[in-house]
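Number of protein chains: 4
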Amino acid sequence: MDSSEALWADLKKPIVNADDYIASLRGRRMTIYFMGERVADPVDHPVIFPSINAMAETYRLASEQPELGSVRDSIAGVATNRFLHVPTGPDDLVTKHEMQRELGRRTGTCFQRCVGLDAIGSCHSITFDIDKERGTDYHQRFLAFLKRAQTANIVIGGAMTDPKGDRSKAPHQQADLDLFLHVVKRDDKGIYVSGAKMHQTGAVNSHWLIFMPTMRMTEADKDWAVVGAVRVDAPGLTYVVGRQTNDTRAVDGGSLDAGNAQFAGQESMIVFDNVFVPHAHVFMDGEWQYAAMLVERFTTYHRSSYVCKTGLGDVLIGAAAEAASHNGVEGVSHIKDKLVEMTHLNETIYSSCMAGAYRSKPMASGAYLNDEMLSNVAKHNVTRFPFEIARLAQDIAGGLVVTMPSERDLQNNEIGPLIRKFLQGKSGVATVDRMRILRLIENMTIGRNAVGYLTESLHGAGSPQAQRIQIARGMQIDKKKARARKLAGISQSTK
Amino acid sequence: MDSSEALWADLKKPIVNADDYIASLRGRRMTIYFMGERVADPVDHPVIFPSINAMAETYRLASEQPELGSVRDSIAGVATNRFLHVPTGPDDLVTKHEMQRELGRRTGTCFQRCVGLDAIGSCHSITFDIDKERGTDYHQRFLAFLKRAQTANIVIGGAMTDPKGDRSKAPHQQADLDLFLHVVKRDDKGIYVSGAKMHQTGAVNSHWLIFMPTMRMTEADKDWAVVGAVRVDAPGLTYVVGRQTNDTRAVDGGSLDAGNAQFAGQESMIVFDNVFVPHAHVFMDGEWQYAAMLVERFTTYHRSSYVCKTGLGDVLIGAAAEAASHNGVEGVSHIKDKLVEMTHLNETIYSSCMAGAYRSKPMASGAYLNDEMLSNVAKHNVTRFPFEIARLAQDIAGGLVVTMPSERDLQNNEIGPLIRKFLQGKSGVATVDRMRILRLIENMTIGRNAVGYLTESLHGAGSPQAQRIQIARGMQIDKKKARARKLAGISQSTK
Amino acid sequence: MDSSEALWADLKKPIVNADDYIASLRGRRMTIYFMGERVADPVDHPVIFPSINAMAETYRLASEQPELGSVRDSIAGVATNRFLHVPTGPDDLVTKHEMQRELGRRTGTCFQRCVGLDAIGSCHSITFDIDKERGTDYHQRFLAFLKRAQTANIVIGGAMTDPKGDRSKAPHQQADLDLFLHVVKRDDKGIYVSGAKMHQTGAVNSHWLIFMPTMRMTEADKDWAVVGAVRVDAPGLTYVVGRQTNDTRAVDGGSLDAGNAQFAGQESMIVFDNVFVPHAHVFMDGEWQYAAMLVERFTTYHRSSYVCKTGLGDVLIGAAAEAASHNGVEGVSHIKDKLVEMTHLNETIYSSCMAGAYRSKPMASGAYLNDEMLSNVAKHNVTRFPFEIARLAQDIAGGLVVTMPSERDLQNNEIGPLIRKFLQGKSGVATVDRMRILRLIENMTIGRNAVGYLTESLHGAGSPQAQRIQIARGMQIDKKKARARKLAGISQSTK
Amino acid sequence: MDSSEALWADLKKPIVNADDYIASLRGRRMTIYFMGERVADPVDHPVIFPSINAMAETYRLASEQPELGSVRDSIAGVATNRFLHVPTGPDDLVTKHEMQRELGRRTGTCFQRCVGLDAIGSCHSITFDIDKERGTDYHQRFLAFLKRAQTANIVIGGAMTDPKGDRSKAPHQQADLDLFLHVVKRDDKGIYVSGAKMHQTGAVNSHWLIFMPTMRMTEADKDWAVVGAVRVDAPGLTYVVGRQTNDTRAVDGGSLDAGNAQFAGQESMIVFDNVFVPHAHVFMDGEWQYAAMLVERFTTYHRSSYVCKTGLGDVLIGAAAEAASHNGVEGVSHIKDKLVEMTHLNETIYSSCMAGAYRSKPMASGAYLNDEMLSNVAKHNVTRFPFEIARLAQDIAGGLVVTMPSERDLQNNEIGPLIRKFLQGKSGVATVDRMRILRLIENMTIGRNAVGYLTESLHGAGSPQAQRIQIARGMQIDKKKARARKLAGISQSTK
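Chains as they are written, first to last, in this note's numbering: chain A, 1 to 495; chain B, 1 to 495; chain C, 1 to 495; chain D, 1 to 495.
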């Protein structure tokens, strides 16, 4: 029995459904802060719970639509949640993307499991490649780790983005060496790491985290070229959950003002203070040459994962159509035209993501990776189109989306009746239903889930410029120039 | 002494500065609700005060830059705030727009006085026209009213948008006749009106409101064709202040999380229940033929007033540049290019608004009105460009803009130091300053002032389709077709 | 032997390569006009030949890259050009699209065979469906026809767009019944059709044409619901080849001014005057109920076929990069950024087209049809992005692209040397090569092949509004509304 | 009598009208080439004449609308064409822009006089400034020159863009020193200049040219810092008229195929070979410090001059509306919406140009200069919006715009009747009129005048990046950052 086994002792009983999952998050001794206070149990925290519930939806989906949400993975040989699956063919990636869109539709927000999922795919192949070239045994360690995770059917999160400090300096050049996560000590049992990972989705809601470098490394950065897995409650880990727009509506506004009371995203800063990682859970230590490749594979997977936003788009298009219907204007030509435009943009994103999955290619480990160019193109559209979809949704919804009275006003005996009287829409529509739809549109365009639908669409998996750099690398400009010269009747390259 | 004089008794001492203005709002007996509770004194309400403070800035401007913020108006013959001034030449409108941009820069939000200002210009000319054609005396009443207001240097707000109910029906056809504000009774002293006005900016912060019809009327809608002025504390008036994104950060988050702790906008629903208006303050009663013209003049004024958003744009461009500087990337070419694009879009809006002012024409009353086509074009750009400016600001700012810990976390002894350590930017930048700038960007793009910068830019002064209808009306397509036929060598109209 | 066999007598020897194909077009007795003159032999016409040569490239591709350009089709059981192939799986459609992009790269223009190809796919399935439901034998006729065509390896063109006359009237309501192609007579040998088909690409360069209705029909339009195949030299057919931008540069300007001297597109108006079609070549006659379905299947195939424009995009991106290189500015950041943007837009189109192929589904006949929504989305992007790519290409190219002297100036002894002196670019670049690349950019953005790259991208396979109508039909707005209601907490549909 | 007087001997009789102007171009001994052949008299050249006719429209306008097209300038004290006028107030610039838009409407193309006009304004002020600081007498020379020109009412053209060669090198560093125009000899009578000026509009149609440097100079470039005026028929000048899209339709296609048979633009390469300029016509010689300022003033004037494109936009919008009317679809909502969008974009350009004129400021010489920021913003919109307007025009026009038969086909006895039959639109519309409008749309979007409407809109007065550089310079980012810091609550600059 290896020394890491103890870490799995309490995870032996597999998680079967959403209730199991939520129960599994209780009673853990984690150091979590939100708004300056220690959070005893996140499940009981009204601001945090909706993000837990969004992640729980990945289990509900597996129960309700197992062909979409679960899979029998060959590593553990058991049926497991699809978020723990290494893709071994284009169909796997296609189904993954269908699942992501469906979860976007079900939750209207970020369900926070994709970083972990895409870390799994990337680590599967990169550990294989390192071992092959350098005689290490990272791949076996990783498979053993993943087998346990699949068997327990737990949530694996990721942790990637370092604070970076001065962007013009390498990790080893920073004034504070902790600005990139690094190995601070090694002994015969394992390694110790310190640093921090920024704005990580769903960390608090996970069971384990895979930490990875965030960018290309040089030899001098060896100690920063480290990949490993830790339990989220490992000693030395501290979480600071970030503030989101309108987060406190979960507390102050009843269920209506929240817009989407059930589901939300979550991001936190994770501080690593001398966190121990036994060898069994170390998947790279010092192989700096592979850092860039790992990042590229991860981002190629992850940029296509933004197909989830088309699920959010579906909800927002539906909400806009419903709002138009409440106003009795759904049939007006400019309204219809805006719904078509929203759909067109949404499906354009979808098509780019899907094409990248269909055109995936196997890596040496057998894992399939999305087409890199198309994945970048897909994500780049994600940095643009949801903003226009959101603008059009607000256009259709009308100004009331930001000027409405609160639920408490509606409940007030004096003014509640006035609101019901004056906010009535088309005959037969309950005013409260009209308000609910408008609050949902607020939620997704300028409220809590706009964090996920808009800002995260810009920056998740790399900011717009990151995609442009990859597109530039892949655009084969010399081949294109040769085509042009040929058609222009130029016989020789002029270079 | 006319019967209306008593209503001015407590407003005799003119407001000189911002402090006077704020003091003048205290101790009024108004029926105001926010989040289900009666607001005793809005000046003391932490969520409402920033909106009062934004309006107070119009007085500060008049004190600090009197050439911009004040004017000697010939009606009262005294120096008065420019927001009470009837424009009598293109230069007046040009200076008005400069004032609006400057106030946008000073507050980063909606300062809420433009509806009242544009109501003044519209009523000045429309009362003149009605009198001339129908022998009424509305214009003298209006001048007397305005003289008092200018002398007292008070805030006049507006009230325009009716709830509208079923959009396919005229006011008199609605199931509930109150869905458009209307005269419910007339006696020898005045009229009584009932109904409601929606999402009105700054009503609670005003001293008087001018209410106006919101659209074209037919003869059957005579009782709905009513314009008048009421004190904001008139019996029968109830205000429900709407919820804004992140409004409660004013309470729960210290000053940092608010992003812009000093200034915010405000919208409320105003319910009129049998409110008495003495004849002296009635400026239209039954002249339904003039309702459309009043609305058109008002919107022509008001659409150009959206030049204020270029002042907000200045702030947001500056914030993005500052954020880039904090990250040490201000000189990177794609960052510079984005700042240029933001500026280009911002100045395009500005140019359209200004051109409409320079090309203003006098109406019969002597008041000048912006060029209608250009004013519509200007506002139509406002429904698009701030959204792209906001997207680019978030692009430059980075994901931290939505994932940052709260001010309370920063103050916490355990995690405060960790945040300072890991959120440090370029050497020499205080982490708290970096956070402040990012919170300001959050405030303007997905937070409280995004209500004003984005959604209000869409819907204020009419939704995008309203401008398209006016552009269609003004586009002189027959003249353009004739030009095309001539150049194409077609001798005759083919119609 | 059926009566139709004679029509194939001279096509018995299969076309093997491009030379065979060009030879096969000689000596045909067709009635072709161009610029008011009868064209004796289009192969010898300098304006028309580049379009023949572009189509010949489909045979060159089959010779040089047979895996892409040819296929063993099960109907004839022989290797045939892929443009004669009925797709029987997603991979067939994927390879079709790869072929189309490659031909776009090879020719930089419209190679004119896609209408025929997509007519084949549509007729295969629609004849099957009609037969099944109505006991006709169209499918066998069609298979027999296609078998002969595949065996002879000829070019099958299409003919679809009727002149339409008054757009508000159905075919049978038109003042002139010929404004839609229709059956004017039937006898025991076959049918006789009259009418016209507009702006048909490549008709003059084909061997046979399949004519089809252009829109939904009603029972009163039965005689207009007709599908059949005719030899291009059938008695009664007249072709008027349309003028293209810069078409006469093929005559007046040497090879340089043409920009792309080898390849061009071609469109013609085809007039049918009592053209006989034997029963063996009639594939629908009166089954008006199937007209709309035929059109929908055809456009679904054909909208994805616009993936060819990404091949043209490759050429134009390459040309812009080459022009930048000639100016010594290829490394300048704003130039690189524009090349990235062009690539991003080009690959977005590609991804949408490919996703629609991968997600194709079988119809009853066994033929596979692209995903309808994605095919419409793909084409809709084609109506936008090439225009922006072209604008960016001109931006990079500089104004010289439209102000350059002619080739004849270059050859003139007086001014040729001056042009060489003053138009020199970066050291080492021949001025004539610089001019060639700029002429190619002119050719694709404002010259002859801009017809295909821009205007045809708008209107081919249906104008933008046609796609919007299909997107509206497929957008499942009720499902989306239900999702929104659920997340907003509305229990019941409010309809 | 100064030595320059002889050069004016044949220009003593002022040009009064368009006929005079055209007559004045006859019989000049100029060295002009087009398509490799010497052009004896451009007035008689069918390809060149439409450009002369477009310029002649500036005289027609002066005759027909003198308040717009002419002005009494104080320099000569006579009424002269407004294209010879130095603007001495905002109203002058406003009227100038109205004139430019009207000429755009009248001609549908580039009328080619704005470079000369904007050279006049720039030279007026820059000569004044040089004299004041360096004791030269350039300003008097310039006034004397301009007085003569105004008195004779001739056309003054400009000549600015040098070939530039290797963009990374200064003028004096070029391998061939002629790649920028420079002084090659000086004697007591004057100077001798050699070099070339590229793609100059209307040079062949002018009487005199003012040549100016094209960019910032250093001291080593002194000989290149030269400004002067020469007669267009001065010895040593050679013109090569560039090819335009569809230029030969003026010859080969009758009047219909040209689309706009009367008017076109013109660009040429002008070679200077040791051209003598007497001192009286030298306005800068060696004052390299002023080169950049001259260019900036010129481009500030000239970028606003692109308001002319809104006149072309008026024509194109009208043509699209007429085409829609021919098809009977003018009332369809998506057509109307596209016309509105075209108008909105067109008026946005207009508003930016006009705002820059209204906000003009005087320079030391008394000449007024447009606001620099707004002029750059205006032109930057010109590099974008006409492309979208053109795309929408083609969308409305339909594919026929590029597939139509020629006029000669229409005249052919066999096929003419077929074309009339099948291209008929709505009842009552002559087919030939329908074709004329479509040819006009072709002309402006992908034909000869697309050169002026599209490519020139990109590159004239500087390519897009040139405007971005100026916008960056003017955007006062430090002031904006200070505003942001203040609202964010940051007390001190963090720099």
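Please note that a few of the clues may not be correct.
A pair holds if it fits inside one copy or across any two, identical chains being indistinguishable in the list.
What the hints assert, rightly or not - With a Cα cut of at most 20 Å, we get these calculated EDC-like pairs of lysine to aspartate or glutamate:
#, residue 1, residue 2
1, Lys164, Asp433
2, Lys361, Asp91
3, Lys361, Glu388
4, Lys12, Asp337
For the record, the hints were derived by calculation from the structure and aren't laboratory data.
Does the structure break any of the earlier hints, and which numbers would those be? Numbers 3, 4 - these are the hints that the structure violates, sorted from lowest upward.
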